[in-house]
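Peer 1: Listed below are the residues making up each chain.
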Amino acid sequence: EAQVTQNPRYLITVTGKKLTVTCSQNMNHEYMSWYRQDPGLGLRQIYYSMNVEVTDKGDVPEGYKVSRKEKRNFPLILESPSPNQTSLYFCASSWKGPSFAEQYFGPGTRLTVT
Amino acid sequence: QKEVEQNSGPLSVPEGAIASLNCTYSDRGSQSFFWYRQYSGKSPELIMSIYSNGDKEDGRFTAQLNKASQYVSLLIRDSQPSDSATYLCAVTDVGAGGTSYGKLTFGQGTILTVHP
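Residue numbers (our numbering), protein chains in the order written: chain A, 1 to 114; chain B, 115 to 230.
Source of the hints: derived by calculation from the structure; they are not laboratory data. Every value quoted in this text rests on a predicted model; they were computed, and no experiment measured them. Careful, some of the hints might be misleading.
[Said to hold, decoys possible] Distance condition first, Cα-Cα at most 30 Å in a straight line; then the derived BS3-like pairs of lysine-lysine:
#1 A:K71 - B:K217
#2 A:K96 - A:K17
#3 A:K96 - A:K65
#4 B:K181 - A:K17
#5 A:K57 - A:K18
#6 B:K156 - A:K69
#7 A:K57 - A:K96
#8 A:K18 - B:K181
#9 B:K170 - A:K71
#10 B:K170 - A:K65
#11 A:K17 - A:K65
#12 B:K156 - B:K170
#13 A:K96 - A:K69
#14 A:K17 - A:K57
#15 B:K170 - B:K217
#16 A:K96 - A:K71
#17 B:K217 - A:K65
#18 B:K217 - A:K69
#19 A:K18 - B:K217
#20 A:K57 - B:K156
#21 A:K71 - B:K156
#22 A:K17 - B:K170
#23 A:K71 - A:K18
#24 B:K156 - A:K18
#25 B:K217 - B:K181
#26 A:K57 - A:K71
#27 B:K217 - A:K57
#28 A:K65 - B:K181
#29 A:K96 - B:K181
#30 A:K18 - A:K65
#31 A:K57 - A:K69
#32 A:K71 - A:K17
#33 A:K69 - A:K17
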């Protein structure tokens with residue numbers, strides 16, 4: 001089954017404790033992206049990757065890191081989480097080219113930072 | 115920074131009616147436009163993409179694009195209670211003939227409720 005998976009699905013952590021949210025896709029997609037969703041603000045893009053070892057900032061990259069060492073995986077790293085990073089996070093992937101914006105989304109990770 | 119604006123709603127329509135969802139964008143360089151549907155507690159899923167001015171129909175859904183006026187709309191005909199969801203408009207500056215990719219900017223979404 002073609003899918004994007006994220007782990008964990010739910011996470012409660014404390015300020016400053018480093019965490020990683022994993023994202024994996026089995027569709028051989030070149031493009032992967034991370035978003036956060038907050039009430040009233042919609043989906044905002046954090047980082048995206050066009051291929052292995054190629055990443056770029058989205059609209060809200062501060063406080064986040066990413067890496068793309070393998071085509072299928074695109075982890076999101078919060079080195080020192082803060083309460084304002086409490087949010088619902090989605091990973092997405094797609095094919096390269098003009099249809100990159102036709103994205104498949106993972107199930108989401110709800111993060112709470114206390 | 116690009117802005118994509120949607121009326122957050124909620125938009126309430128009776129079953130069988132036409133639901134009209136609107137989206138405006140600030141960047142004249144925007145080339146490609148998308149509508150995603152998000153059920154409560156679920157992830158977004160793509161329902162329509164439109165790359166050129168005019169109308170594009172897919173079943174009960176019609177996307178309309180007017181680049182001169184910088185708006186894109188989604189019409190849902192014969193609305194059903196199962197259409198009740200949040201509809202997200204998304205925009206990118208990568209055109210249909212482009213070979214690059216990059217940022218995708220979403221609006222805040224419109225909540226649609228279809229009541230029996």
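Peer 1: So which hints don't hold here, by number, going up?
Peer 2: 2, 4, 8, 9, 10, 22 and 28
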